[in-house]
Amino acid sequence: MLLWLIPAIPLLGFLINGIFGRRLPKNLVTAIAVGSVFLSLGWVLMKVLPGLAELRGAYTEHYFTWIASGNLQVGVNFTVDRLTAVWLLIVTGIGFLIHVYSIGYMAHEGGYYRFFAYMNLFMFFMLVLVLAGNYLLMFVGWEGVGLCSYLLIGFYFDKQFATNAGNKAFIVNRIGDFGFSLAVFLMFRQFGSLDFATVFGQASAAPEWALNTIGLLLLVGACGKSAQIPLYVWLPDAMAGPTPVSALIHAATMVTAGVYMTARSWPIYSHAPMAMETIAVVGIATAFLAATIGLLQNDIKKVFAYSTVSQLGYMFVGIGCGAFSAGVYHVMTHAFFKALLFLGSGSVIHALSGEQDLRNMGGLRRHIPVTFWTMMCAAVAIAGVPPFSGFFSKDAILLAAHQRAPWIYWVGIVTAGMTAFYVFRAMFLAFFGSYRGHHHPHESPAVMTVPLAILAVLSLGGGFIPIPELLESVFPRFVEVHDTALMAVSVTAGVVGIALAYLMYIARPASADALAGRFKGLYTLVYNKYFVDEVYDAVVVKPVVNGSRVVLWKGMDAGLIDGSVNGLGNRVRGVGSILRLIQSGNIRSYATWVLFGSVLVIVAMGIAGGAR
Amino acid sequence: MNAVPLSWYLTLSAVLFALGVAGFLFRRNIITVFMSIELMLNAVNLSFIAFSYQLKQVSGHILAFFVMVVAAAEAAVGLAIILTVFKNRATLNIDDINSMKN
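One line per chain: the protein sequences are G and P, in this order. Positions 62 to 673 (our numbering) are the ones given, in order, by the first sequence. Positions 5 to 106 (our numbering) are the ones given, in order, by the second sequence.
I should point out that these hints are in silico values taken from the structure, not numbers from a laboratory. All C-beta atoms in this analysis are idealised placements derived from N, C-alpha and C, irrespective of residue type, glycine included. Treat each hint with caution, since some may be false.
[Claimed, not checked] So the derived label-pair ranges between C-beta atoms look like this:
1) G:Ala619 - P:Arg93: 34 to 40 Å
2) P:Arg93 - G:Asp623: 33 to 39 Å
3) G:Trp654 - P:Glu42: 17 to 23 Å
4) P:Lys60 - G:Asn647: 17 to 23 Å
5) G:Asp623 - P:Arg31: 50 to 56 Å
6) P:Asp100 - G:Ile622: 34 to 40 Å
7) G:Ser645 - P:Met39: 21 to 27 Å
8) P:Leu67 - G:Gly630: 46 to 52 Å
9) G:Ser645 - P:Arg31: 15 to 21 Å
10) G:Met666 - P:Met72: 46 to 52 Å
11) G:Gly620 - P:Asp100: 27 to 33 Å
12) P:Met39 - G:Asn647: 17 to 23 Å
13) P:Arg93 - G:Ile622: 52 to 58 Å
[Stated by the list, open to error] Here are some, though not all, of the chain P residues that point toward chain G, as calculated from beta-carbon distances under 10 Å:
14) Leu29
15) Phe69
16) Val73
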C-alpha cells in the first residue's frame, strides 16, 4: 500500500518550505503545505480505507532494519490495523481542515512559511507515531511531535511568555518521555523485542509485576503527552501558540497520542490490573480537576484548554475501565468538536483583532453568525446533548465506568455537568448579551468558515460513525449494558449544566459575581488553578534552579572543574618560574649542568654495576 | 707487544679530558674554550685508539677518523663565528656574548 508515502509527503512539504520557504511566493508555500496534507489524506482515503472492511488483523510493511545490535532488532516498519486507520483519518482529515483554516488565520502573520513548515513537520511525525510498527519507531514520532509542539507554542518567539510556555511544554514532556523510555527498556528486557506483534504475543505469559511496571511507566509517558495529572500543567500554557496549533496539536491529535499508545498497548494492560486502575483514577481525577478550573477561566482559549485536559481524562477513564474502543471513540468525537471549538475561538479572536478575554466580548452572534452557529454545534456536542457526537462517546465511557466502579461514574457525571456549564458559560459570555469590547468585529473569510462548517457537521453527526463496532476485531470484547436510566442521568447532567450557565450568565448576569463573593476562598483557590503552578514552582523549579546555580554552577563548574583546570595551569606556571632560573643564558653554567649530569649518569652506572 | 698497559692510555685520556672540561668551564676567552673542546675530543680519540689496539678491532680507528672530521668541521665553523663575533663586538669574553638572553 506504500504506507511510507503518507508521512513522506508532508515531510517533503516541510523540507521545501523549511529550506526555500522564505524565497517562495506565499501562494506556493500555501499550495505545498496544504497540498501535501491533502495528498496524504487522499492516499489514506484511496489506499487504506477501501481495505479496511477486510482488515481484521494488522498489515505490516517492512522497509529496512534500522538498528541491529546483539539481540536488538529494530526495523522501520509501518503497520496498519483498524485502530491505526481511525487515527490516520483523524490526523490527516482534521489536519487538512486546520491547514486550510490556517491559510486565513495566518494570512497577516509574519513567518507564514515557517508556520506551515512546522505544521507539515508535525504531520510527518504524528503519522510516523501512528503508523509505527514497534515502540522505538513510535518513540521517534512521539519525540518528533513534542519538538513540533515546542516549536509551534513558541512560534511568536519574540514574546517572552510564548517561549516560556514552549520551554515548559518541552521540559514537562521530558518527564513523561523518561517514563516512556524506561518502559521501552523494560519491554526489551522482558520480551527481547520491541515489535508490537512480538511484545503483545508474549504479554500474557509475562509476570504480572513486569506488566504492571511497564504499564505504569507507559502511563507516565501518556501523562506527559496527554496532559494528565500531575503533568497537565503545560497544556493550558501551550495556548500561547497560534490558535490553529492549539486546535491541531493541543486538542485534536498530539495530545491524544497518549490515548493511542495506551490503547495500542491493550494486551499489556489487560494483564496489568493495577496499571489499569491507576489509569482510570488518574483519568477521572484529571477530568474532574480540570473541569473545575475550566469553570472560572476568563481567557476563551484557556477555557477550552482545561476542557481538553478534562476530556482527555475521560478518554483515560475509558481505557482504564477496559472500554478501549469507547476511549478511542471519544478521541474521535473530541477531535471534531474540540478542534471546532478552538478554530471557532480562533475565528472570534481573529474577528476581534487578538482579543481573548471573555469579559471583553459579548453579543457577537449578530456580528459573526457563522462562527457562532458552528461553535454552538460543537458546544452541544461536548455538552453531551443527544443525538450529537459527544453524547455517544461520553456515554460509552460513563457506562463502562459504571460497570467497573460506580464512584467513577458519578464523578464523571458531575464532570459532565461542569463541562456543559463551562462551555456554555464561554458561549454565553462571548456571543450573548451586549458587546463589551472596543474593536469592530468582522466575520472571518470563507477559507476559515468552510472548515468550521465541515467540522460542525462532523461534531453533530460524528456519533453515528460506528467506531466501537469497527474496532471490535482490535480490542477484547467489552460487553456494555445499555442502561436507559444511566443515560438519562448523564443527559440530565448536561442539561442542568447548560441551564445553570443560562441562569447565571443570561437570565441573571449578576448572580455569578454574587456567588463568587459568597465562596471567596474556594473561588480564589479555583480561579488560581489550585496554585498548582506555584506549588510546582516552589517544590520543583526553584530547588532545581537554585541547586543548579549553587551546586552545579558555583560548586561543580566554577569550583571543581574551573578550579582544577586553572589550578593545574597555575602550578605549571609556578614550577616554571623556578625552572626558568636554570636557563641563565650563560654557556658555562650550561656546561656545568652537562658535566653534572654526565657525572650523575656515570655514578648511576657504577652503582648499577657498570655498562655491561 | 705489551710495552704500555691499557690503563696508562686510559688514565692519560681521562686526565686530558678533565683538563679540557676544566678549561671549558673556567676560561673566559672564547679561543681557549674552543681549544678545550678540541682537547676533550682528542682525549676521547686517544681512548678509542687504545681500545681498538687492545681489542684488535678496526672500529675504534674508524670512529677516531669520524671524530677528527667532525672536529675539523667544527673548527672551521667555530673559528668563522669567533671571527665574526670579534669583528662586531671587539671582545672574546664569553660572558659578554649574551645578547640572545631575554
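We went through each hint and held it up to the structure:
1. Checked against the given bound of 34 to 40 Å, the beta carbons of G:Ala619 and P:Arg93, roughly 54 Å apart, lie outside it.
2. Checking the proposed 33 to 39 Å range against P:Arg93 and G:Asp623 shows it is violated: the Cβ atoms sit about 50 Å from each other.
3. Look at G:Trp654 against P:Glu42: about 22 Å separates their beta carbons, and that is inside 17 to 23 Å.
4. At about 45 Å, the beta-carbon gap between P:Lys60 and G:Asn647 misses the expected band of 17 to 23 Å.
5. As the Cβ distance of G:Asp623 to P:Arg31 is approximately 53 Å, the hint placing it in 50 to 56 Å holds.
6. Between P:Asp100 and G:Ile622, the C-beta spacing of about 50 Å breaks the proposed range 34 to 40 Å.
7. Between G:Ser645 and P:Met39 the C-beta distance comes to about 24 Å, which sits within the given range of 21 to 27 Å.
8. Checked against the hint of 46 to 52 Å, the pair P:Leu67 and G:Gly630 passes, with Cβ atoms roughly 47 Å apart.
9. The hint said 15 to 21 Å for the Cβ distance between G:Ser645 and P:Arg31, and at roughly 18 Å that hint holds.
10. The given range of 46 to 52 Å is broken by G:Met666 and P:Met72, whose C-beta atoms sit roughly 27 Å from each other.
11. Checked against the hint of 27 to 33 Å, the C-beta distance between G:Gly620 and P:Asp100 comes to roughly 52 Å, which is inconsistent with it.
12. Our hint of 17 to 23 Å for P:Met39 and G:Asn647 holds, since their Cβ atoms are close to 20 Å apart.
13. Checked against the given bound of 52 to 58 Å, the beta carbons of P:Arg93 and G:Ile622, roughly 53 Å apart, stay inside it.
14. Among the interface hints, the one on P:Leu29 holds; its C-beta lies about 6 Å from the nearest C-beta in chain G, closer than the 10 Å criterion.
15. Look at P:Phe69: its Cβ only gets to about 24 Å from chain G, farther than 10 Å, so that hint breaks.
16. Interface restraint check for P:Val73: the shortest CB-CB distance to chain G comes to about 23 Å, outside 10 Å, so the restraint is violated.
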